[in-house]
Every structure is written in structure tokens, then in C-alpha cells.
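Asker: Sequence:
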Amino acid sequence: MAEGDIHTCREGGLWKNRIEGIRRVANTAARRADAVSVGREMAQARGVGHYVHGEPRANGDGEIVEQRSYRQAAG
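The sequence shown begins at 113 in our numbering and counts up one residue at a time.
These aren't lab readings, by the way, just hints derived from the structure by calculation. Computed from a predicted structure; not experimentally measured. Any given hint might turn out to be false.
In silico EDC-like links for lysine to aspartate or glutamate, alpha-carbon gap of 20 Å or less [as the list claims (entries may be wrong)]: (1) 128 / 173; (2) 128 / 153; (3) 128 / 115; (4) 128 / 146; (5) 128 / 178; (6) 128 / 175; (7) 128 / 167.
Listed next, with one range per pair, are the computed distances between beta-carbon atoms [what the hints assert, rightly or not]: (8) 178 / 133: 17 to 23 Å; (9) 136 / 185: 26 to 32 Å; (10) 169 / 137: 18 to 24 Å; (11) 124 / 159: 28 to 34 Å; (12) 138 / 173: 18 to 24 Å; (13) 185 / 126: 31 to 37 Å; (14) 185 / 122: 27 to 33 Å; (15) 156 / 177: 18 to 24 Å; (16) 143 / 116: 20 to 26 Å; (17) 114 / 142: 26 to 32 Å.
All C-beta atoms, glycine included, are put in the ideal place defined by N, C-alpha and C.
All chains, please: the whole structure from these sequences, using the hints.
Answerer: See below:
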């Protein structure tokens, strides 16, 4: 994972999109599908990776359940 990648995760009862390297939440949604859709669009527009985390476990860490890269191939 690299700085600027988008992470979609559930926190505090909401689905949130965070940009890696930035503390502030980019946006929130009540439904997972809505947050994933917005996160995907953000990643495509920025040319970065998009990581979708599952429901948080007891330790508060949600496992990555889906990932896609929208980076341009070098060369």
C-alpha cells in the first residue's frame, strides 16, 4: 500500500473512505456499496489503489477483502 491509496472501512457505524497518509476522512456513507463505489471513483481519478476492508474484528482491524489498482503501468 502506498501513500494516496484509498481505504474503504467501517468505523463508528459508518462506512468511510480514507486517503492513506491523510488523517481526515474523505467521505462517509451509511451503506457499504455506496462507500465502495465512491472509493473506487476516487482511486480511478487519482490513479491509485483501492482497498476495501471487511467488518472490524474484536481488535478493531478490518481485514482487506478486496483490492484493485488503478495505477498506470510504467513505460
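Asker: None of the hints should be skipped; say for each whether it holds.
Answerer: For each hint, the structure was consulted:
1. 128 / 173: 14 Å, holds
2. 128 / 153: 14 Å, holds
3. 128 / 115: Measuring from Cα to Cα gives roughly 17 Å; hence the hint holds.
4. 128 / 146: It holds: about 10 Å lies between the C-alpha atoms, which stays within 20 Å.
5. 128 / 178: 15 Å, holds
6. 128 / 175: Distance ~15 Å between residue 128 and residue 175 Cα, so the pair holds.
7. 128 / 167: 12 Å, holds
8. 178 / 133: 17 to 23 Å: 21 Å, holds
9. 136 / 185: 26 to 32 Å: For residue 136 and residue 185 the Cβ distance comes to about 31 Å; the hint holds.
10. 169 / 137: 18 to 24 Å: At roughly 20 Å between Cβ atoms, residue 137 and residue 169 fall inside 18 to 24 Å, so the hint holds.
11. 124 / 159: 28 to 34 Å: 29 Å, holds
12. 138 / 173: 18 to 24 Å: For residue 138 and residue 173 the Cβ distance comes to about 20 Å; the hint holds.
13. 185 / 126: 31 to 37 Å: For residue 185 and residue 126 the Cβ distance comes to about 35 Å; the hint holds.
14. 185 / 122: 27 to 33 Å: 32 Å, holds
15. 156 / 177: 18 to 24 Å: Holds: the Cβ-Cβ distance is about 19 Å, inside 18 to 24 Å.
16. 143 / 116: 20 to 26 Å: Once the Cβ atoms are compared, 25 Å apart, the range 20 to 26 Å for residue 116 and residue 143 holds.
17. 114 / 142: 26 to 32 Å: Holds: the Cβ-Cβ distance is about 29 Å, inside 26 to 32 Å.
The structure is consistent with each of the numbered hints, conforming to all of them.
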